[in-house]
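What follows is each chain in one-letter form.
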Amino acid sequence: MARHWRAGAAGLTVLGLALTGCVGAKVGDTAAGAKNADGSCGTFNLAVNPWVGYQADAAVVAYVAQHDLGCKVTKKNLKEEIAWQGFGTGEVDAVLENWGHDDLKKKYITDQKTAVSAGQTGNKGVIGWWVPPWLAKAHPDITDWRNLNKYAANFRTSESGGKGQLLDGDPSYVTNDAALVTNLKLNYKVVYAGSETALIQAYRNAEKNKQWLIGYFYEPQWFMTEVPLVKVDLPAYTPGCDADAAKIACDYPVYGLDKIVSARFARSGSPAYQLVKNFHWTNEDQNLVAKYIAVNKMSDEAAAKKWVDANRDKVEAWLK
Amino acid sequence: MTTAQTEVPHWRRTSQNPEDRTPVISVRRLWKVFGPKAEQVPQSEELCGLSRRELMDRTGCTAAVRDVDFEVSPGEVFVVMGLSGSGKSTLVRCLTRLIEPTSGEVVFEGEDIRGADARRLRELRRRKFSMVFQHFGLLPHRKVVENVAFGLEIRGMGRGERMRRAREVVELVGLAGYENSYPDQLSGGMQQRVGLARALAGDPEVLFFDEPFSALDPLIRRDMQNEVIRLHHEVGKTMVFITHDLSEALKLGDRILIMRDGKMVQCGTGDELVGAPADDYVRDFVQDVPRGDVLTLRWIMRPAQDDDALDGPELGPDVVVREATRAVLAAEKPAKVVENGKLLGIVGDEEILAVVAGQQGGA
Amino acid sequence: MAAVADTSGPVATWRQKVTRPMAVGAILVAWLVLFAVLRGRQTLTLAAADLTSLHRWLNDVNDTVGAGRDSNPLFLYFFNEIRLAIDHLVTFVQSLISQPTAGRPVPQIGWLGVVGIAGYLSWAVGNWRVALLAVAGFTFFGLQGLWQESMDTLALTLSAVLVALLIGIPLGVWAGLSDRCNKIMTPFLDFMQTMPTFVYLAPLTLVFLIGGASAVITTVIYAAPPAIRITAHAIRSVPATTVEAADSLGTTRRQQLLKVLLPLSQRTVVMGVNQTIMAALAMVTIAALIDAPGLGKTVVQALQSLDVGTAFNAGLAIVVMAIVLDRVTTAAAGRADTARRTGGALVRWRRPLLAAGGIGTAFLVYVSHTYVYAAEFPGDGTAGTHIASWADTATTWLQDHLSGLTNAARDVITYGLLNPFQTLLTDSPWWLVGLTLVALGAVLGGRRAAVTAAVCVGLLVGTGLWSDGMTTLASTAVATVLVMLLGAVFGVWMGRSALVDRLVRPTLDAAQVMPPFVYLVPFLALFGATRFTAIVAAVVYAAPVAIKIIADGVRNVPESTVEATTSVGCTTWQIITKVQLPVARGALTLATNQGLIYVLSMVVVGGLVGAGALGYDVVAGFSQGQLYGKGLAAGLAIVLLGVMFDRITQAAARRTRA
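Protein chains in written order, with numbering that gives the first Met the number 0: chain L, 0 to 319; chain B, 0 to 362; chain R, 0 to 657.
So here's chain L without its partners, still in its complex pose (with noise of 0.2 Å):
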């Protein structure tokens, strides 16, 4: 028995040899990620939608705040209710992209005072009615509004009841889209997919399999890229038209996208805060990170300096 505990322990010194003194580095030999820690900027907690759009304009942001002002960016994954709320708390900088959400503003921006805005980023978000291309291109009429009652039967579903099926997606914009098809006097009825996965799903299958799908979506969107949409022209909005929610029979306003941030960031002083003051771009900019993220499944990381390495004249403007 003393001969195998013996073997045992010299088979178990030999692994323990093996395991530490003949293998590699030690842990903080490379003291990596160290380079950007000088500590003027502090931390920047900025806010994630969950929408890829969002996601582009954050790794963005981030990668410059990182690499250009040696930021640590903390990125807090949340739903728009939920970032908003993170102002009043402390925990939440910044909001790269706010659509709209008018009683979000009036909530923390007039009454609690815990946010400010800090201007536009020059994307524009159109939402609407859109079809599918094959479609727009087999039914060039369909983008008038008022060709939709004739096409009605063509978009009933198991879902809509023998009207038309108008598709609408993400609970988490306000749609009038029920005044709408009530005002418009359209054969329709509201379907609501539930998520923006569902809706990108919905338009997948209908470009790929030739099936009639109408509705609810927006852009700047990635999935833009990948589908190109066709937009249905609706009564043209003029100030005021949306005064009214039960009255509505006009289109939706374009959207200029705004940058909210916490009051007490404003105040704050931090070159992250400059740089999401000046952070401006197009929307085509914007689709093109996205495209590198949800198509090309690059990280954020690495589309963020893809993007910025190519564009490096855009980021500077930022940084002045």
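Hints in this document: simulated from the structure, not taken from any laboratory.
If you're wondering where the values come from, they're calculated on a predicted model, not measured in any experiment.
Virtual Cβ for every residue (Gly too), placed ideally from N, Cα, C.
A few of these clues could be false.
[What the hints assert, rightly or not] Residues from chain R that face chain B, not an exhaustive set, calculated with beta carbons under 10 Å: (1) Pro-238; (2) Thr-240; (3) Glu-243; (4) Ala-244; (5) Ala-245; (6) Asp-246; (7) Ser-247; (8) Leu-248; (9) Gly-249; (10) Thr-250; (11) Thr-251; (12) Gln-254; (13) Lys-258; (14) Val-259; (15) Pro-262; (16) Leu-263.
[What the hints assert, rightly or not] Derived contacts from chain B toward chain R, CB cut-off under 10 Å, selection only: (17) Val-131; (18) Arg-154; (19) Ala-198.
Given chain L, put chains B and R in place with the hints provided.
Positioned in the frame of chain L, the structure of chains B and R alone reads:
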């Protein structure tokens, strides 16, 4: 032939005369009523008179124990016997207040334990009483010896001491060699030995047995009964034994209390029950008992008459008939029943045969 | 009207003359007749954007609570302290295994150390087989390229389970000892388990802030009830004789608890720990919505770009983690019994082996703390990439080749079953449906079930979401029917054949713990954004439970009964339909009950893929401030539906058994 007298088990005789000692337990007017407003039942003359069924209909209460009185003497084996539902298990639990009695007194060594507070009651249970249960109630996660030591452990005895004591008791109940087994590795009979050892370990004054052997096979049951007899002989504890089995009651009990529907029907020695049943219920009960095994000569002797030859063998009045049979039949003259030199009566072939034949007819 | 009075009224006198199925049939016929007459009246519909005064009031309450968070002493001295304590716990565990700390670019213990600890602990509490499984499973996370994400998930899960048990076991013991406590606690536990998480996610982050604490508390709310219930059950199941025997020896209450009740319920309590872990893992993706780090985040993010492969890879890691933890805790529960019996050499060697293993593990921990190769998992997770691309290929193939079939299935069920039933429910006057439910409750479950149904119907009307509730009810009922069909077919098959059982069971386990988000995208591709997609998702989640329960029920039919019928000359079909299923009817009722509850717990997920109604209301309430109150009301409506069906089926089960 006087040797016949010594064949009566010795242990039985230690408690032959209970009257001359103060009782260990006296139970007086004990009631246990289950149901709403149970405490009103024993107080009401009217309700007390009702049958169990009527009481249920009138008040929704069940009287499990009704107005029971008895005394248990030191060293005695006192058996409570009845069919299921007769209240015997409730009665024994009332004695240690595992079930709280509704009214009456339970006096133990001069103290009414119904007045004991929780601490005193615990103390009594730890030092004075212990109980053996029908379904053993062993702790499956502990070894035999740890089960036996459990009672000592909870009174705070040190580990070494309680283990030593537990081993002694394990040996006493014949489980030596099984100390480190777990209960579910043992047969039912052996598990009950563990239960017995656990009860004995604390060296209590009184042992309560609640139908301890009803769950066992007949052969094992007989072994265990003999084991109890042996232990009683060795340790001489007072025992209160609950059973539904008349032959077990007769075999073990110095005195037997028969219960029916919560009430006492008769209390007496085995031969009293067989020889002078109090009512038809008891008579039915004891009908199939082999009378020769129970009755003593006292019950069958007849007064000596002038023409009786008085030179036959001499026997004591407490000799069991079965044991006297051969001596009487072998003798040519009838046997004399003599106590303390005084002639009480005589027993001839006729008397003996009447019992033995009746026994065969009944079987 | 007369017909309704007949069915709901003197049920007691009815029962003697009419069998229960006949009574149910009569109620349904009466409903249909009245529906034809009264269709479309008093349906209590409410448009998607409309609110009732209750919803607005709930909004105000929410705002008031939020506004008071800096001044309210409850926040300052109570919630904040809890948050801090839990935050410390989570940060500590994370610093050990998942997050870089204290100037180190890596956590304190690297992958080699964690794998070592996992293997060692699994062996110590279980056996060498589960230890091997644990080592393989944990190494697999690294190969998938998800080491850090897995460790974050593990850290959060362990913290949540720890907190859940710290709260759950004492409460469970209390509920086990006191009937009154048990009675009071049960409705709260029901509430915690059926209230959709989405409803309290936003308020929780307001109270406990964004971060580990909120994620842990969310998880604890969902995962503590099984620990409480099972502990209480365990305490109650300790044999009365044993308790009495201990009593007769003069134990104090404390000795009773520590030396008798707890040791005897240990095995069952470990099963409670198992259930708590499974429930905690079910919350991984939900917690990701409030920035909880880990695998859930990978799943949620991948879905933004419909990246099924990546989501599947992360989902697979969750499944593997669930299976490892499940098997280890199950082995631990069995160990207490088996270990002491084996006896002999193994036991003698166990202590030295444990010590040696401990030293070896400590050594691995040291190595993984010190050297890079043992700290960071080597390689770049190519296995994960392969899994992802394989999953992508598989889903694409399925979408391309099955969509004709799936569309047909969808249309048959939707037009043939769902639409008529939904119309019946939503277009009947509310009181007619309410009366029918109460009458069914009375016939199936007796008076108490009828009263519960009446109260639930009343409250459901009160939420202002009656019509949405009925739409959800229709989908739920159809899903439950499908669940029971699957349950009966597979349950009987598994119950009759041990081989089939062994083959199918792992799939069922996987279906139960795979986050629904992962399979929503392929389902959307196959069935479109429809109520049917939601139904299929619910069936995938709920069927395994029903199947397992029925399989166990069929297996527990006494061998002698089956033997007796075989000897009479029954065919297999006769044995199944005339013996095994009827004898296992207790299991069938339980399976219906559990199936329904599980289907209801998927209502919110259904709302994400086109189910609309209550599920959509909850999701919208989570996403939009103005709809918060409505979402909360919808959550309450789901709880009410759950409670109503639970009580009716349980009462019905008691009556069939009686």
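* Earlier hints that do not hold, by number -> none
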